[in-house]
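K.L.:
So the chains spell out like this:
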Amino acid sequence: MATILFNAFSFLQEKLKAKDHPCINAHIELSDGSTVADLVSAVGLEAADVEAALVNGSVRPFDTLLQNGDRVALIPPGTPGPYRVLLGMAGRKKAK
Amino acid sequence: MDLLCVLDFHRVEMMLPIQSKINFGAAPKKRALFPQKDLCHKKHIVNALPIPVLRAIHQTGNGTGSQIHRQENEDRIVKEEIMARILRINTRKKTHSFEEPGADLAALGGRGLTSRMVLNEVPPTCHPLSKHNKLVVAPGLLTGTAAANSGRISVGAKSPLTGGIKESNSGGILSQKLARLGIKAVVLEDKPEDSGFSLVVIKKDSVEILPADEYVGLGNNDVMGRLWDTYGKRVGVMSIGPAGQQRLAAACINFADPNGRPGRAAGRGGLGAVMGSKGIKAIVVDDSGAGKVPVADPEAFKTANKRWVEILKGHPVTSQGLPAYGTAILINIINEAGALPTKNFRSGRFEYAQDISGERIAEVIEQRGGKTKDGCHPGCVIQCSNVYHDKDGKVLTSGFEYETIWALGANTTIKDLDDVAMLDALCDDIGLDTIEMGVTLGVAMEAGLIPWGDGKAAIDLLKKVRTGDPLGKIIGNGSLFTGQALGVDRIPVVKRQALPAYDPRAVKGQGVTYCTSPMGADHTAGYAVAPNILKVGGDVDPLKKEGNVEVSKNLQIATAAVDSTGLCLFVAFAVLDTEDGVQTIVDLLNAQYGLSLTPEDVVKLGVSILKDEHTFNQRAGFTKVHDRLPDFFADPLPPHNVTWDYTEEELQQAKQYD
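Protein chains in written order, with our numbering: chain A, 1 to 96; chain B, 1001 to 1658.
Next comes chain A alone, as it looks inside the complex (with noise of 0.2 Å):
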């Protein structure tokens, strides 16, 4: 099992609160070897819902593995850019 720290961001609080699930530094227990996308389908969002993923505050693929400890933020479409240029947002769901 692997333990994360959980934050969702925008629009996706207010999905997951109607869902109420925990979205604000909750604690999210998940299988091993379980990835962003696994993430994303565990607390009940669509991957469309999810623009960008923040894992130990680095934008990274959503194959990305998780590891115990992990802090990951996921991020709806909608963030001003340029940040999501500069921060490596764009096009960053797929492995490059």
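Any given hint could turn out to be false.
[Said to hold, decoys possible] Derived lysine to aspartate or glutamate pairs resembling DMTMM-like cross-links, with alpha carbons at most 25 Å apart:
| no. | chain 1 | residue 1 | chain 2 | residue 2 |
| --- | --- | --- | --- | --- |
| 1 | B | 1373 | B | 1416 |
| 2 | B | 1463 | B | 1627 |
| 3 | A | 17 | B | 1351 |
| 4 | A | 17 | B | 1363 |
| 5 | B | 1373 | A | 32 |
These are calculated hints, taken from the structure and not from any lab test.
Position chain B relative to chain A; hints supplied.
P.N.:
For chain B alone, kept in the frame of chain A given last:
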């Protein structure tokens, strides 16, 4: 493309005494960007008859006597109609004059125009508060038209804060009114010999320069309230507060928003001090009776604007994220990325970021009855502004933005949102740049003048600027001045201007912009992005050097161009993801002025503006040694433990355009 057709117009001066009121004829109906080629090179004919009379004669066919005279009159009508004029105010003589823009100004608007005029007319070595400096106020190229989000205004001068050229950009309702009056720029010149203040009132048929005794010493809220009571609830107002009157280097110029509040500002670089040095407390612009800004090809413009609105309303940033959470949506994101400068740039994460986040602000606004979305000018379809109420449900502040909340919040470690809002409200009323003041308060905390995170102490300190208290004068002169006065060695500035809300170690592209922008440390200098013409991709790593100089350079070019159109920089969010985004902006310009510009022409415009600005700074004495971050940025920044490690030579690549 021959963008700059030569026009041979004589300058027409009207030197008038104080409180004089004259009729200067019908407002021009077309503006002077890219005049039609067939109108170029025609000789201007000075005629004693006013334009309405000439038009009447022309329409009836009577009175001129000959075909030659008829043709001359027709020429004059056409030329008067295509030319927007430059209004010069001599603040010493209390006189004004109108002139046609020269050939090198005719194609410019917004930042392009203010920077070119400052380069041409302001001695680069002059003292910024001297009679030799000029304050240039210019609407953008699309301002006043129906183009969505085109109501921004540029204010330029030599900066009292940086000592270099400055363009500061603002929303508000004044810009569109100037454009509708056919005024391409207002220039404040010279300097009064006394210490009195004046009020400038610009209407369709008159310019008045009036004593402003009754407004002297007032904050911007009272000034704007009284001016709306006197001149009508919809007039445009730009004014300075007590900070500008004292000519402090952190003073801004506030612009009335659509609600008549001073929530918009040309914030950066101390331009309020320049306005104060000219003895101008406020400028009122009333466009009653003015017609619409004419468009060369109305059908093409309508088509382009329809697409433009579709782009803005169809993108998740401009149609959902910003209207719902405002720019403060960035607090959590930048914090999570480890780039939110905290406790005077000691860490990239603030423990209480959630408490001052956009999500939290939206929650509080909804609970207290404020507005989560609002436009800073008519025609805005993004609506990223807001109105924040206090615990009693009364308006506390408006335009409560990401940079402000970071500066007065995370940077000072103040976590009480109401304290942060009060500090913002004080800045708006006193007329202070919120970024500069947030960083200054952090420096004051660094010195132990007030405790870290103590919102009430910060409020009390900021209030001292209003009263002229000596400590207030120190604070009001910004971060570097305050740091020197208090013996602090940790002062986050470039070219004497405080760094904004992104730690340059963790967002290196932004850091390159801080260092190399002619504006000093400025986040908006590298804001817009147009990937299809600038080849900016999404694969840059913010923590590494690779690729970030090129990204910064391209962002600076695109931003300079957008700042010339009068478009809000936030349109760039949608343009980034839309294949025809840039082309649609070009289509709007082409339709308005009857041109055939391409996106490459827009890039050339951006480059030419930056070259103007760097030229001014070089002449003022700036070299590459001024393109440095303070040495403490070589220390690791948690949580990524990254450092600033660019060499001067590497940074200079961001200024190589050829």
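K.L.:
Work down the list of hints and note, for each, if the structure agrees.
P.N.:
Comparing the hints with the structure gives:
The straight-line distance between the Cα atoms of residue 1373 (chain B) and residue 1416 (chain B) is roughly 22 Å, inside the 25 Å bound, and the hint therefore holds. This hinted pair does not check out: residue 1463 (chain B) and residue 1627 (chain B) have alpha carbons roughly 33 Å apart, beyond 25 Å. Of the pairs offered as hints, the one joining residue 17 (chain A) and residue 1351 (chain B) holds, with about 22 Å between alpha carbons and a cut-off of 25 Å not exceeded. This hinted pair checks out: residue 17 (chain A) and residue 1363 (chain B) have alpha carbons roughly 13 Å apart, not beyond 25 Å.
Taking the CA atoms of residue 1373 (chain B) and residue 32 (chain A), the gap is about 43 Å. The hint is violated against a cut of 25 Å.
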